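Trainee: For this one, chain A is given, so just place chain B on it according to the hints.
Chains A and B, in that order, are what the protein sequence lines are. All residue numbers for the first sequence refer to numbering that gives the first Met the number 0, where the first residue is 0 and numbers rise by one. All residue numbers for the second sequence refer to numbering that gives the first Met the number 0, where the first residue is 0 and numbers rise by one.
Source of the hints: derived by calculation from the structure; they are not laboratory data. Careful, some of the hints might be misleading.
[Unchecked claim] Here are a few chain A residues that face chain B, going by a calculated C-beta distance under 7 Å:
| # | residue |
| --- | --- |
| 1 | H312 |
| 2 | N315 |
| 3 | P317 |
| 4 | T319 |
| 5 | G320 |
| 6 | V322 |
| 7 | H326 |
| 8 | L327 |
[Unchecked claim] Derived list of chain B stretches under chain A, where covered just means 3 residues or more per stretch with a C-beta under 8 Å from a C-beta of chain A:
| # | stretch |
| --- | --- |
| 9 | 4-14 |
| 10 | 98-107 |
[Unchecked claim] Mimicking DSS-like on lysine-lysine, the simulated pairs with C-alpha atoms at most 25 Å apart in a straight line are:
| # | chain 1 | residue 1 | chain 2 | residue 2 |
| --- | --- | --- | --- | --- |
| 11 | B | K2 | B | K123 |
| 12 | A | K357 | B | K91 |
| 13 | A | K299 | A | K478 |
| 14 | A | K211 | A | K253 |
| 15 | A | K409 | B | K91 |
| 16 | A | K505 | A | K396 |
| 17 | B | K69 | B | K40 |
| 18 | A | K517 | A | K507 |
| 19 | A | K264 | A | K253 |
| 20 | A | K330 | B | K2 |
| 21 | A | K331 | B | K19 |
| 22 | A | K370 | B | K94 |
| 23 | A | K507 | A | K469 |
| 24 | A | K330 | B | K19 |
| 25 | A | K331 | B | K2 |
| 26 | A | K268 | A | K278 |
| 27 | A | K357 | B | K55 |
| 28 | A | K266 | A | K279 |
| 29 | A | K102 | A | K57 |
| 30 | A | K517 | A | K441 |
| 31 | B | K46 | B | K2 |
| 32 | A | K101 | A | K57 |
| 33 | A | K517 | A | K299 |
| 34 | B | K91 | A | K370 |
| 35 | A | K330 | B | K30 |
| 36 | B | K19 | B | K30 |
| 37 | A | K396 | A | K433 |
| 38 | A | K505 | A | K278 |
Predicted model only: the values in this text are computed from it and were never measured. For every residue, glycine included, the Cβ atom is placed at its ideal position computed from N, Cα and C.
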Amino acid sequence: MKVKKTFHSLTGKFILSIGALMIVGSAVFWYFLIYYEERGFIRNAEKYGYSFADVIRKSIRYGMLTFQPHLVQQTVEAIGSAEDVMRVRVFDCNSRVAYSSKKDEKGIVLDTAKSFCMDQYPKHTEIREALSYSDKKDRNGFKVLNMLTPIYNEPACYTSSCHVHRRGDSILGVIESDISLSVMDKTTKEHKIAMILFVFGFIIAISVVLCKILWNTVSVPISILTKGMAEIAAGNLNYTVKIDTKDEIGELAKSFNAMTVDLSKAKEKIIEWASTLEKKVNEKTEEIREAQAQLVHSEKLASLGRMAAGVAHEINSPLTGIVTFAHLLQKKFDAGTQEREDIDVIIDQANRCSNIIKGLLEFARASTADKTAVNINDILNSSLNIVRNKADFFNVKIVTNYEEQLYCVKADTSQLQQVFLNMIVNAGDAMDGKGTITVSTKNITENGGDFIEIEFRDTGSGITDKNLVKIFEPFFTTKPVGKGTGLGLAVSYGIIQEHGGNIFVKTKLGKGTSFFIKLPANKEVL
Amino acid sequence: MSKGNILVIDDEDIIRISCKRALMPEGFEVKTAQNGIEGLKMIGEEKFDVVLTDLKMPEIDGIEVLRLIKQRWAEIVVIIIIGYQTVDNAVKAIKLGAYDYIEKPFTPEGIVSVVCRALEDRKK
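For reference, chain A alone in the conformation it holds in the complex:
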C-alpha cells in the first residue's frame, strides 16, 4: 500500500520516468559502445592475425626452400604450441594437409584450401588472404579466428633445387591458422559487465540524488502546503506555512500565507459586519418597537379621549339638571339646617363632577390653541412663580438651568403654562413637598429638525414600571381620592401632542423622575 502510494507520489513518478529514460538511454549507449569496441578488437585481431600468418609463412620459408619437411613440421608444431594458437596447418595445392600442429592430421585431404588452388585464379593475380571467424568455438566457448593465407609462388621456389614447383603455378599452398580470441571475448565480457554495473550504479546514484532533491524541494514543501490547506479548510486561519526557499515553492508558500492572512481578515470583517448588522437590526427593531408602542399608546389615548368626550358630553346635561335643581332646593332651606347641608354636599359633588368633565374635555378637545412664537424660559418662569408662593412648595428647592439662547417655539402660552404647572405640581407631590426640582431647557437638532427640550427633574420616589405605562391615561392617579383627578398628565400629553411635540419619562425608583418635553422649534431666539 505504501509502495503503491510512493509510486503515485510526484517523487515516485519523477524517479520512475527518469530511471526508465536513463535505462533506455544507457542501454542504447552501452550497445553501441560494446559494438564499436568489439569491432575495434576484431580489427586488431585481424591485424595481428595477418602478422601472425606472415610470421608463420616466413618461419617455414626456409624449411620449404631447402626442402626440409621435418624442419617445417617442427616449426609448425612450435608455433601451434603457443598460447591461444589452436592450430596451424599447411595445405598443398591438392588440399592435402602437408604439415599440421597436430601430427595426426597430416595427409588428410580437406576442402579448406580448394578455393585457393585448383587454378581458379589467373596467374599472378593478387589473392588476398582469406580471414574469417569460424563458427567453431574453442573448448572454453570463446570465438576462434580462422585464417587462410596463400603461399605464393616466387622465383626462389620454382628455381630451388628440389624442383617441386613449376614456374607457372601461382599459389603453392595455403596456411590455415586458428587463433582463440579468448582474450578479446573475456575483455568484451568484462567490459559489458562493468558497463552494466556502471549503468545500474549510475541510475541508482542519480535516482537517489534526484529522489533526495525532489523530496527536499518538492515533496516536503508540498506536504507542508497540503497540511496548511487542510488546516485552512478546517477553519484555522491563523496557520502559516514555514517555507523560506527562494524558488517557486517558496513563492507559492508566500502567496499561501498572504492568502490565509487575507482570508483571516475577510473572516474577521464578515464576523464584524455580522455582529454590527445584528446590532443595527436590534437597534432598528428596538426603534420600531418603541415607535409602535408610542403609536399604540397615542391611539389608545386618542380613543380614550374620544370616549371621554362622548361620556362628558352626555353627562353634562344631566349634571346641569342636578346643579340647577340643587340650587333651587338650596334656596328653600335656611343655612344651618340639615337639609341645607345635604344640598350643599350635592352641589359640591356636582361641581366636582363638573370639574372632572372639564378636565376630560380639555384632554379630548380639538385644537383651539392660539399659537404664537414664545420663549419657553419665560413661560417656565411665570409657572414657577405661581407655585413658589404655595404652601406645598415651601420646603422645595427649585433650580433652573436654562439655555439662554433658547430657540423660540410656536405655542399657546396658557396651554403650555397649564402643562408646566402640572409637571411642577406633580414633582412636588412626588417628593412629599421636600426636595429639589430642577428645570432645564436646551436646544436640540435631531434628524435635520430643530427642537427644544424641557426637563423637570425631581428627587422624589420614582415611578414603578407598572405605573409608568399608565401615567398618561385619563383617570390614572396615585394621589389620594379627591386630591387628583388623574387628568393632569393626560391633558398635558394632549396639549404637547397638539403642539407637535412629545413627552416622555425617565425614572429610577427611590432616586427620582425626569419628565422631558420636546417641542419643535425655530432657530430664531426671542
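Mentor: This is chain B only, laid out in the frame that chain A set:
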C-alpha cells in the same frame, strides 16, 4: 308683567326644564321647543326677547337656528348653550351675532345673570 319672553330650544328635556325652573322664579316667561324647526315656528307665531338655543341638535343645529333668527328677527337676543368641546362653534356663533354663550353644566344664577345682562344691553 314678565321681565321678558324667553324661548329655550334644546333637544334634551332636562336642559329645557332646568332653564324654565331657573328663569321662571325670576319673573321671566319661558317657552320651550324640542328642536330648531319647532323653535323657529314658535318665533314666527310669538314675540320673544331672548332665545336660548343648544348648538348640537338633530335636523337643524344651533348655528343654523341663529342664522335664520338673525336674518328675520335681528332684534331677538340669542344666547348659545354649549358643551365644553364646542368652544370653537361658540366663537363662530358670536361672530354670527349671538350675544354670548353659556357652558353646560350651568347654575341657575349663571343663566339668570347672562339673560338679565342680555336684556339690559338690549334696552341700551
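Trainee: If a hint holds in the structure, say so; if it doesn't, say that too.
Mentor: Now the hints, each set against the structure:
Against a cut-off of 7 Å between C-beta atoms, the interface hint on A:H312 holds, since the closest Cβ of chain B lies about 5 Å away. The criterion of a C-beta within 7 Å of any C-beta in chain B is met by A:N315, whose closest approach is roughly 4 Å, and the hint holds. Checking A:P317 against chain B: minimum C-beta separation of about 6 Å stays under 7 Å; hint holds. Given hint, A:T319 at the interface with chain B, holds; its Cβ is 4 Å from that chain's nearest Cβ, closer than 7 Å.
Taking 7 Å as the C-beta cut-off, the interface hint given for A:G320 holds, the closest approach to chain B being about 4 Å. Because the closest C-beta pair between A:V322 and chain B is about 5 Å apart, less than 7 Å, the hint holds. Hint status for A:H326: holds, given a least beta-carbon distance of 5 Å to chain B, under 7 Å. At about 6 Å, the closest approach between the beta carbon of A:L327 and any beta carbon in chain B falls short of 7 Å, and the interface hint on this residue holds.
Counting residues of the stretch 4-14 of chain B whose beta-carbon sits less than 8 Å from any beta-carbon of chain A gives 3, enough to reach three: the coverage restraint holds. Only residues whose C-beta sits within less than 8 Å of a C-beta in chain A count toward coverage, and the stretch 98-107 of chain B has 5 of them, enough to reach three; the restraint holds. With a C-alpha separation of about 15 Å, the suggested pairing of B:K2 with B:K123 holds against the 25 Å cut-off. With a CA separation close to 21 Å, the supplied pair A:K357 and B:K91 stays within the 25 Å bound.
The straight-line distance between the Cα atoms of A:K299 and A:K478 is roughly 23 Å, inside the 25 Å bound, and the hint therefore holds. For the hint linking A:K211 to A:K253, the alpha-carbon distance of about 23 Å falls within 25 Å, and the restraint holds. Only pairs whose Cα atoms come within 25 Å are accepted, and A:K409 paired with B:K91 is accepted, the gap being roughly 24 Å. Restraint check: the Cα-Cα separation between A:K505 and A:K396 comes to about 21 Å, which is no more than 25 Å; the hinted pair holds.
Only pairs whose Cα atoms come within 25 Å are accepted, and B:K69 paired with B:K40 is accepted, the gap being roughly 15 Å. Straight-line distance between C-alpha atoms of A:K517 and A:K507 comes to about 20 Å, which keeps the hinted pair within the 25 Å bound. Pair hint A:K264 plus A:K253 holds up; C-alpha atoms about 16 Å apart against a cutoff of 25 Å. As the CA atoms of A:K330 and B:K2 are separated by approximately 21 Å, the hinted pair is consistent with the 25 Å bound.
With a C-alpha separation of about 17 Å, the suggested pairing of A:K331 with B:K19 holds against the 25 Å cut-off. Between A:K370 and B:K94 the CA atoms are separated by roughly 20 Å; this keeps the pair inside 25 Å, and the hint holds. Pair hint A:K507 plus A:K469 holds up; C-alpha atoms about 16 Å apart against a cutoff of 25 Å. With a C-alpha separation of about 16 Å, the suggested pair A:K330 and B:K19 falls inside the 25 Å cut-off, and the hint holds.
For the proposed pair A:K331 and B:K2, the alpha carbon gap of about 22 Å is at most 25 Å, so the pair holds. Under the criterion of a C-alpha separation no larger than 25 Å, the hint pairing A:K268 with A:K278 is consistent with the structure, at around 15 Å. For a cut-off of 25 Å, the pair hint linking A:K357 to B:K55 stands: about 18 Å separates their Cα positions. Taking the CA atoms of A:K266 and A:K279, the gap is near 19 Å; set against the 25 Å cutoff, the hint holds.
The straight-line distance between the Cα atoms of A:K102 and A:K57 is roughly 21 Å, inside the 25 Å bound, and the hint therefore holds. Using a Cα cut-off of 25 Å, the hinted pair A:K517 and A:K441 holds, with the two alpha carbons roughly 10 Å apart. Proposed proximity of B:K46 and B:K2 is supported: the alpha carbons are some 13 Å apart, at most 25 Å. At roughly 20 Å between alpha-carbon atoms, A:K101 and A:K57 fall within 25 Å of each other, so this suggested pair holds.
The hinted pair formed by A:K517 and A:K299 meets the criterion: a straight-line CA distance of about 21 Å does not exceed 25 Å. Pair hint B:K91 plus A:K370 holds up; C-alpha atoms about 18 Å apart against a cutoff of 25 Å. Our distance criterion of 25 Å between C-alpha atoms is met by A:K330 and B:K30, whose separation comes to about 23 Å. Only pairs whose Cα atoms come within 25 Å are accepted, and B:K19 paired with B:K30 is accepted, the gap being roughly 8 Å.
The straight-line distance between the Cα atoms of A:K396 and A:K433 is roughly 8 Å, inside the 25 Å bound, and the hint therefore holds. At roughly 23 Å between alpha-carbon atoms, A:K505 and A:K278 fall within 25 Å of each other, so this suggested pair holds.
The structure meets every hint from the earlier list without exception.
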